[in-house]
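Enquirer: Put together the whole structure using the sequences plus the hints.
Line by line, the protein sequences give chains A and B. Residue numbering for the first sequence is 921 to 1157, as defined by my numbering. Residue numbering for the second sequence is 921 to 1157, as defined by my numbering.
Just so you know, these hints were derived from the structure itself, not from any lab. Take these hints with a grain of salt, some might be off.
No distinction is drawn between identical chains; accordingly, a pair holds when it is met within one copy or between any pair of copies.
Cut-off 30 Å, straight-line C-alpha distance, at most; resulting in silico cross-link-like pairs (BS3-like, lysine-lysine) [as the list claims (entries may be wrong)]:
1. Lys1043 x Lys1059
2. Lys965 x Lys1043
3. Lys1038 x Lys944
4. Lys1054 x Lys934
5. Lys982 x Lys1096
6. Lys937 x Lys1072
7. Lys1147 x Lys1096
8. Lys944 x Lys1096
9. Lys1096 x Lys1043
Keep in mind the model is a prediction, meaning the values are calculated, not measured.
2 protein chains.
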Amino acid sequence: MEKYLTIYHDLVEKINKAHWKDAKMLPSENELALHYEVSRETIRKSLDLLAQNGFIQKVRGKGSVILDSKKFDFPVSGIVSFKELATSLDLQVETIVNELSIVEANEILQSNLGVRAKEPVWKVVRTRKIDNEKVILDKDYFNRDFIPYLTKEVCENSVYEYLENELELPISYARKEIVVEEPTVEDEDLLDLAGHSNMVVIRSMVYLDDTSLFQYTESRHRPDKFKFVDFARRVGN
Amino acid sequence: MEKYLTIYHDLVEKINKAHWKDAKMLPSENELALHYEVSRETIRKSLDLLAQNGFIQKVRGKGSVILDSKKFDFPVSGIVSFKELATSLDLQVETIVNELSIVEANEILQSNLGVRAKEPVWKVVRTRKIDNEKVILDKDYFNRDFIPYLTKEVCENSVYEYLENELELPISYARKEIVVEEPTVEDEDLLDLAGHSNMVVIRSMVYLDDTSLFQYTESRHRPDKFKFVDFARRVGN
DNA sequence: GAGTGGTCTAGACCACAAC
DNA sequence: TTGTGGTCTAGACCACTCC
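Expert: See the structure below:
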């Protein structure tokens, strides 16, 4: 693996385990360069990653300040799968696969998944139970060019794990949109709405390293079970 | 200004103005280095910024692909002020300052603004009208260590412009949390709720370059007037 | 003045894509 | 084979903080 990534992961672990005790600062870039036996520019690449991901803040003339609140954050920022999220929260969760099929792309899918009219695509509909209540409805559409096979077992576990580990698909970036809408009949049918008259809807388009669009997802959350946390850095002016 | 930032801004402009006509790719790093008369590493810093902000995607062995959908996005990602947002959307907007005062920090403010008990802080409450409907309620609290003076006129215009241009406060990063809650009596009092029984609440903590926390904001949106768009890049494994 | 992070360079080698 | 982006280096100079 690349040096700067190895060092980044090592530093993440040391920050999380409070390796430097109650230190509020990382060692200086020169010290780290000596310790890891790399050039200072390589250390700086690792530190840039730490900063982007909210672990540290670099202060000119002083050093790299360790940001402490990171670990208390709900990890929904960026591209995170439902399973990662649930396990990190220690919640009792369960996934119900309502549908796993191949459908012909309609107009919405043509533009959001970049496929031709009537081209067959994977459709997966899943209900997520948290603490025994059905509160999230996930509707995923995958481009079959990248995912030839898909099974109910994979959908019950984690599609992302399958994509990353088995198929080694290089997921790179995503566009996400969050709005509030009224429940559909499908929501009422498949979820425990408990009288709620709104749904938080997250629509995502997920891209691979080579900029090809391979997934479109609609994730519908009961509003009382929704929380989104974001860490944003002002970058470039 | 730094070379890589100058080049970054130049490239942003050229991408937005489709300077390279219908080109789907940027010139290669070596070509750009020659053109701007800088080293390749400097060009790479500019391109990294473009990638982080969703303008391009770099593909190994091929080049830098220009991502086209950027310009259609609602610009609420990252740290954006209400005024930036409204003007970019060409909406008729108006700000009403309901309150501008100095209050003693309660427990919530102590932890969210990092001040001592009963320390005086700025409190600003503003109603935002979009197309003549009062749909957003913004409650801002500022640490007075960084903002000695604040006037109604500044609040009616843009506090952020004042902070960045007049006070030259180096805003650096923010933690943002989005949840859905029921309207408060204050919401009902100051907004046109039009029968909506939910509010989208965005709570933000804004930090300066030196990691000091200087602003805590609660922005309460009527759900039908809320939209959040996020561009997320998978970074560091 | 000593130490810190911020920028910039010229050059090297690599993995990958296209021809 | 040629060109692309990805990594890494050693060294330089700067602005800033702290003492």
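Enquirer: Run every hint past the structure and note whether it holds.
Expert: Here is how each hint holds up against the structure:
1. Proximity of Lys1043 and Lys1059 under a CA criterion of 30 Å is satisfied intra-copy only: 7 Å inside one chain copy versus 42 Å between copies.
2. For the homomeric pair Lys965 and Lys1043, neither the shortest alpha-carbon distance inside one copy (39 Å) nor that between copies (40 Å) is at most 30 Å.
3. For the homomeric pair Lys1038 and Lys944, the shortest alpha-carbon distance between copies (27 Å) is at most 30 Å, but the shortest distance inside one copy (57 Å) is not.
4. In this homomeric assembly, Lys1054 and Lys934 never come within 30 Å of each other (Cα to Cα): the closest approach is 38 Å inside a single copy and 48 Å across copies.
5. In the homo-oligomer, the alpha carbons of Lys982 and Lys1096 lie at most 30 Å apart only across protomers (26 Å), although the nearest pairing inside one protomer, at 36 Å, exceeds that limit.
6. In this homomeric assembly, Lys937 and Lys1072 never come within 30 Å of each other (Cα to Cα): the closest approach is 38 Å inside a single copy and 47 Å across copies.
7. Taking the closest pair of Cα atoms, Lys1147 and Lys1096 come within 30 Å of each other both inside a single copy (15 Å) and across two copies (11 Å).
8. Within a single copy, Lys944 and Lys1096 get their C-alpha atoms only as close as 34 Å, which misses the 30 Å cut-off; across copies the closest is 23 Å, which meets it.
9. Proximity of Lys1096 to Lys1043 under the C-alpha cut-off of 30 Å is restricted to the intra-copy arrangement: shortest distance 19 Å within a copy versus 32 Å between copies.
Hints 2, 4, 6, counting from the list given before, are not met by this structure.
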